[in-house]
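Protein chains: 2
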Amino acid sequence: MSVSLSSVPSSEDIFESHNLIGRYIHRTPVLTSVLLDEIAGCNLHFKCENFQKVGAFKMRGATNAVARLSENDLKHGVATHSSGNHAAALALAARTFGTKAYIVMPSNAPKVKKNAVAGYGAEIIECEPTLAARESTLEAVVQRTKATFIHPFDNYSVIAGQATAAKELIEDIPNLDYIIAPVGGGGLLSGTSLSAHYFSPKTKVIAAEPEGANDAFKSFYEGKLLPSINPKTIADGLLTSLSPKTFAIIQERVSAIYTVNDEETKAAMRLVWERMKIIIEPSSAVAFAVVLKNKEVFATTNVGIIISGGNVDFDEFKFN
Amino acid sequence: MSVSLSSVPSSEDIFESHNLIGRYIHRTPVLTSVLLDEIAGCNLHFKCENFQKVGAFKMRGATNAVARLSENDLKHGVATHSSGNHAAALALAARTFGTKAYIVMPSNAPKVKKNAVAGYGAEIIECEPTLAARESTLEAVVQRTKATFIHPFDNYSVIAGQATAAKELIEDIPNLDYIIAPVGGGGLLSGTSLSAHYFSPKTKVIAAEPEGANDAFKSFYEGKLLPSINPKTIADGLLTSLSPKTFAIIQERVSAIYTVNDEETKAAMRLVWERMKIIIEPSSAVAFAVVLKNKEVFATTNVGIIISGGNVDFDEFKFN
Chain A
1 MSVSLSSVPS SEDIFESHNL IGRYIHRTPV LTSVLLDEIA GCNLHFKCEN
51 FQKVGAFKMR GATNAVARLS ENDLKHGVAT HSSGNHAAAL ALAARTFGTK
101 AYIVMPSNAP KVKKNAVAGY GAEIIECEPT LAARESTLEA VVQRTKATFI
151 HPFDNYSVIA GQATAAKELI EDIPNLDYII APVGGGGLLS GTSLSAHYFS
201 PKTKVIAAEP EGANDAFKSF YEGKLLPSIN PKTIADGLLT SLSPKTFAII
251 QERVSAIYTV NDEETKAAMR LVWERMKIII EPSSAVAFAV VLKNKEVFAT
301 TNVGIIISGG NVDFDEFKFN
Chain B
1 MSVSLSSVPS SEDIFESHNL IGRYIHRTPV LTSVLLDEIA GCNLHFKCEN
51 FQKVGAFKMR GATNAVARLS ENDLKHGVAT HSSGNHAAAL ALAARTFGTK
101 AYIVMPSNAP KVKKNAVAGY GAEIIECEPT LAARESTLEA VVQRTKATFI
151 HPFDNYSVIA GQATAAKELI EDIPNLDYII APVGGGGLLS GTSLSAHYFS
201 PKTKVIAAEP EGANDAFKSF YEGKLLPSIN PKTIADGLLT SLSPKTFAII
251 QERVSAIYTV NDEETKAAMR LVWERMKIII EPSSAVAFAV VLKNKEVFAT
301 TNVGIIISGG NVDFDEFKFN
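Protein chains in written order, with this note's numbering: chain A, 1 to 320; chain B, 1 to 320.
Watch out, some of these pointers could steer you wrong.
[Said to hold, decoys possible] Where chain A lies over chain B, by a calculated footprint (3+ residues, C-beta under 8 Å):
1. 115 to 127
2. 267 to 274
[Stated by the list, open to error] Below are the DSBU-like pairs computed for lysine-lysine, each with C-alpha atoms no more than 30 Å apart in a straight line:
3. B:Lys266 to A:Lys114
4. A:Lys293 to B:Lys266
5. A:Lys293 to B:Lys114
[Unchecked claim] Below, a sample of chain A positions facing chain B; criterion: calculated Cβ distance under 7 Å:
6. Gln143
7. Tyr221
8. Ile278
9. Ile279
10. Asp315
11. Lys318
Hints listed in this document are in silico derivations from the structure and should not be mistaken for laboratory results. All figures in this text were calculated on a predicted structure; none of them were measured in a lab. We treat Cβ as the ideally placed atom computed from N, Cα and C, and that holds for glycine.
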């Protein structure tokens, strides 16, 4: 019987998590492109979580968190506040395990995101679009329903779930010099750094962050948690700041953090769309943009890039 | 020694063509989507030529045509007039076989397309953006250079090359009830219908055409070639009209032609982008739009869809 993880995931925890969630997630492909290798000057291996269920890696962590709940906890459901991929992932994971999801969403969240969450059978509770309103509304929901709060990243079961993406990448491409992952709240990055440490210790993990939301960069190099104030970037999945759990792992296991601006992110995203014919979201393009901006660092090496997701709002999006 | 095909390709011709071009093209994947199957009410198999070299099936026909030239012909190069995927495909095929490509392009062709063709080392000859200017310019080029004109579709070697996409699809998915291919000049459709006839005779081939460029629909049902006058559609790869060679094959081997309007095409394209996270061009979406518009025809059947390409001009494109 698996239980929720209460400390930094061990290699056994990540193995067990992978076994636990394997049948509920896609093992996503690792794609390559001769054209992009030529442009970047290195050997790129894209781990395509844009093809994951709900279109993002978040499915891994949410599924692991729900799979580890006790039978009694499952009776009361799960809850979170999110307007993004974690909301959809938790809604689908809850449905998979026959329990209820309560999702607190800001009233100005895009309709397409609300529809996705509602489509998985979750109950949406609207609140004012402020962090304070989100937190107080979530607290009221948890009190009313006794649902378990599943934090989008400050949660070791979630981190262990996100770690399975890098674990698969390492299994498929065993000789990587670098793995690059984008960083927002740090769930994907911390999990990636743990998997590299346990399963491919020679591989360096590099974080990619937008300049307009560079709290991880500042926190990492100043040695203390410095959350972003009014972050702004087209990489809308990376607006959140690190949490105590993710920051502690990242400080220990990540080699460096590089930042890029939104123009660089857009150019990288366009290259992938045009040359590889796959849709990646801006948050994923940040990682590829780091390679294009620092070619001398990665020259002729084997680079794994975690493509975190492919959810783009086409009502809004255009390149020009 | 292979030679250019001078009559309707036989099953042996298509086999030989596939062997001839196999090492120069990608064997593209056949993708499926549970979500899109639910929406469409049938079992969809997408043959993804958007992942083909130059981003389109045109690479197959152009490569077959160039591979079949005599050594003497190869000395003088190849020529065509095209502003689209055939131009890029012929340029790359020519480079592959160490010969020269002369591409007549209208002066108003998008810069991105000119750059692609020039990037493969072809010589671009600009002309006024009229059919008459294209043809007279091409004639002058051929006279000057003695290059072999490779027509984008009215050419049996090209048709046999395009037929290899459906041949691969049938090899991968042997029990298809339908294969749907978009129709512009008819090279892909005629080749597809030949492969189905030879390699999977129970499979019906359906053509998909934009309402605004419905010459194939009219020609097919009236029994004579009726070229489009001023065709207009967002499916810019399907503006051309059938030719004598393609029409004759289509008349004999295609079961039906369905048309869709541009709004239906856009909606189908958006569904694929959003749900499958792959980029398909409007000309490809026309085929999926036919399924969505005629669900009762395809209900519960196994449907192959040829995704003809993934070349979208992101300078221009937006959904709204």
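Hints, one by one, checked against the model:
Counting residues of the stretch 115 to 127 of chain B whose beta-carbon sits less than 8 Å from any beta-carbon of chain A gives 0, not enough to reach three: the coverage restraint is violated. With 3 residues carrying a beta carbon less than 8 Å from a beta carbon of chain A, the stretch 267 to 274 of chain B meets the three-residue requirement, and the given coverage holds. At most 30 Å may separate the alpha-carbon atoms for a hinted pair to count; Lys266 (chain B) and Lys114 (chain A) meet this at roughly 23 Å. Annotation: proposed proximity of Lys293 (chain A) to Lys266 (chain B) is violated, straight-line Cα distance about 35 Å (limit 30 Å).
The suggested pairing of Lys293 (chain A) with Lys114 (chain B) holds, with an alpha-carbon distance near 27 Å, which does not exceed 30 Å. Restraint check, Gln143 (chain A) versus chain B: the minimum CB separation of about 36 Å is more than 7 Å; hint violated. Because the closest C-beta pair between Tyr221 (chain A) and chain B is about 34 Å apart, greater than 7 Å, the hint is violated. A distance limit of 7 Å between C-beta atoms decides the matter here; for Ile278 (chain A) the minimum to chain B is near 6 Å, and the interface restraint holds.
Interface hint status for Ile279 (chain A): upheld, as the beta-carbon distance to the closest one in chain B is roughly 4 Å, under 7 Å. A least Cβ separation of about 6 Å between Asp315 (chain A) and chain B falls short of the 7 Å threshold, and the interface hint therefore holds. Of the supplied interface hints, the one on Lys318 (chain A) holds, with its beta-carbon coming within about 4 Å of a beta-carbon of chain B, less than 7 Å.
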